[in-house]
Amino acid sequence: MTESYDAIVIGAGHNGLVCSALLAKAGKRVLVLEAKDQVGGAAITRSFATGYSVSACAHLLYQLQPKVRKDLGLKIEYAAENMETIALSPNGQHVRITGNRVEGVSDTDTDSYTAFYKRMTRFADLLQTYLNRPPARLANGTVKDLLTLARLGLDVRLLGKTEMREFLRLIGMNIYDELVERFESPLLRGAISLDAVLGTHLGPRSPNTILTYLYRLCGNHGKVSLPAGGMSSVTEALAHAARDNGATIRTGMPVKRIIIENGRAAGVETENGATFSSWLVVSNADPKSTIMNLVSPRNVETGFTRRVHNIRMHGNAAKLHLALDGLPTIEGLDKKDFGARMVIAPDENYVERAFNPAKYGEFSSNPVLEVTFPSFRDSSLAPSGKHVLSAIVQYAPYKLKGGWTDATRDEFMTAAIEKLAEYAPDLPQRVTASELLTPVDIEKEFRITGGHWHHGELTLDQFLFVRPVGGAAQYAMPLDGLYLCGAGAHPGGGISGAAGRNAARVILSREKAA
Amino acid sequence: MTIQEVQQDRKKSPFYSRQAKLDRLNQWHEWKGYSSADVFYSAEFEYFAIRNSTGVFDLTPMTKYRITGPDSLDYIDRLVTRDMRKIKPGRVAYAVWCDDQGQVIDDGTIFHLKEGEYRLCSQERHMEWLTAAAIGLDVNIKEETADIAALAVQGPTSYSVLKNLGLDGVENLKLFGLMNFNFEGTDLMVSRTGYTGDLGYELWLDPSKAEALWDALFEAGSNYGIKAIGTAALEQSRIEAGYLAAYEDFLPALATVRTGRSRSPFELGLSWLVDFKKPNFNGRRALAREKRSGSTWQLVKLDVEGNKPANHSYIHTKKHGRFRQVGFVTSAAWSPICKHNIAIGTVRTPNGKVGDTLWVEIFYQREMHWTRVMAKAEVVDKPFWNPERRRVTPPGVY
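Sequence lines, in order, name chains A and B. Just so you know, we're using the working numbering here: the first sequence kicks off at 1 and counts up by one. Just so you know, we're using the working numbering here: the second sequence kicks off at 1 and counts up by one.
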């Protein structure tokens, strides 16, 4: 007996949930199939040692689009909002950044940073408008597409002559050159470099790292928060919104393939043999696994297959989880500072040097880290008096020379802990349990090809009109009835929900037109 | 300074030694790295060998790929626009393959050698596209151009020549069929295919036996008017047969830079090769759109008045006494056998329907001075030359 639905969404990642909720809200009978036993995809809280829980992949919230919150009436409880970023210095002379303010640098830098932040957030606001819309079609577009493009041009022009010139100068540029020109403080330059390259296979000297930086600012101007109970509380809230609107969510149902009938999507088959039929299949999986595994290239055309095959999506960020029997000591930090986000990126060259080995398939022996102590603000994550450290550690290339083994993973984890110990000497003896997820582990656990959290490198050649690939950038795949709604589609990754929302809007408007 | 000698020789076909002996004019050109003769004695003489006796053309330089593996049928079926499930082992299919935009990359013949094993032959090289088409499928693609010596044996007496060569059973070989024979202990594959539109065969075997085959063939054909032919004679006969040539009648889609310079199968008059019953093939979505909304171009076969070949001419319509340019001629020839001035061209739709009258602007030079005529041209449906003997099995003895 095959159950039939108006729409089937593959994967209950945050984008899949946003899309399902919006489709269900529009009156569709929606089925969401999730492989894991828990909804949330890469935005989940899970245990990694007895008594210790952590947001297992994404660990900070900064991009959730206001439009998504509004459309779904989301109410998220925060353990910490608008967190401070502390750029750690080995000698305790830290630099503190919150919004447009920076402390611990020269007066010149303070002013420059305020001006820089103002400009960047203004550009990010412009970009954000387009991240929350389906990208226009460049060829064979409709009048609406032309208007969107004209609007983009106009919006850029309306920045004013000077700012437009700056926007066009910066958008494809690397962040390194801009930072070196603008700021004196190495720590400030390092911290911004890290923000620009986090989660990518890019160094601060790589092209378009200003774009990735702007991307980070889209939505909430880079304000970082910590949801109470970890990331699962965000995705649980989304799941509630979907269920409240009538969507059915079934976990523990890995999808084996998308059923194709007469050249169009007709449903899905799960690994345990259940089939569900629907003329509308929406994949929250990344574009590569959607096309290569779930659809199979034999059901789509060669040019498209080749473009999907060639999407660059090798992750380079690892995730470190440590269970600590108490907070470590860091010179120059008070206890309250453990509620902040800390970064280890002493200067821009350090970040670039950390990236160098990754180009040749080696991990950084001097990695860069984004460190949080989520249990400091959220006691639900660790036993009383104990703490959790959650860090993103770069760079750990997906394609490690010789492959990732238990030994190489341990080696990389040791490098990360040693780096932490340079700032918090007592940290190693406080570790009672540990876990490191390499991109290969992330690929396996979260079913993201290449373990890349954007489901595809965020570079100009894979952005906007050509994301995930040219000819399929409007969520609809070149297979009738199949859509993408995940980070691999426009605009990209991060816990933003924009892709899921845009996809739902495209699906609904197409239906209306048909 | 010393000058280094660089090995720049063009490849020589395994039949080269025999062709060189017959060659009187030393007129060769390059074909995919090989030397290929334009003409050996005289283009007209060689042309009449094709139409009146037997012409032998060396098609070793023709690009050949061997496609094998468990997914080979699925692979080929997705690659080309026609239904390859209907092409059983021992059969050959003429096919075109398109990019995702439904534009023709090339045309060629696909030999179903045995279950799950194919040979694809085309004028151009396509490894890059064929490799891309193999992503996610379990197939193996190998170029075997240099591993196989091939001859086209074409003309009314070609059957008699092969029979005389001792190929017993070749009388049962049907059009677009293939058979294997033993030639001096080596496998000789014979297919009833060709590029002349006449009774004819193509012979395929290991290069080591190439010269022996040539000698035996010319021995067997000595009383049947067998002649080596060059590209010039072949070109004339393929136009008569209405066959297309890449870079003449269409540009391979992947070689075009400007939009609108490539052609779809519909625009090349090959709609019979497009099978929408197949749920998926390269270009299907774009071609389905084109079928709904109409094509931009239409290939036309033209019967032109007069006797001046209409090479490179503009094609016009004439309305209220005024000419309007609607396309151009891509191939043209005087056809001695049809006694017609023929041409293949491309015109903007909706022009070019069968029976339409178009005008061809022919420039020609007489004692240095250029002259122009507007020649009336009728759009015809059938190939100019398509004799019954091409299809009859067993073939007639001429």
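Check the hints yourself; a few may be wrong.
[Unchecked claim] Simulated crosslink set (BS3-like; lysine-lysine; CA at most 30 angstroms straight-line):
| id | chain 1 | residue 1 | chain 2 | residue 2 |
| --- | --- | --- | --- | --- |
| 1 | A | 256 | B | 209 |
| 2 | B | 291 | A | 144 |
| 3 | A | 512 | B | 209 |
| 4 | B | 174 | B | 209 |
| 5 | A | 512 | B | 291 |
In short, the hints are calculated from the structure, not lab data.
Here is how each hint holds up against the structure:
no.: 1; hint: A/256 - B/209; in the structure: violated, 52 angstroms
no.: 2; hint: B/291 - A/144; in the structure: holds, 25 angstroms
no.: 3; hint: A/512 - B/209; in the structure: violated, 67 angstroms
no.: 4; hint: B/174 - B/209; in the structure: holds, 25 angstroms
no.: 5; hint: A/512 - B/291; in the structure: holds, 25 angstroms
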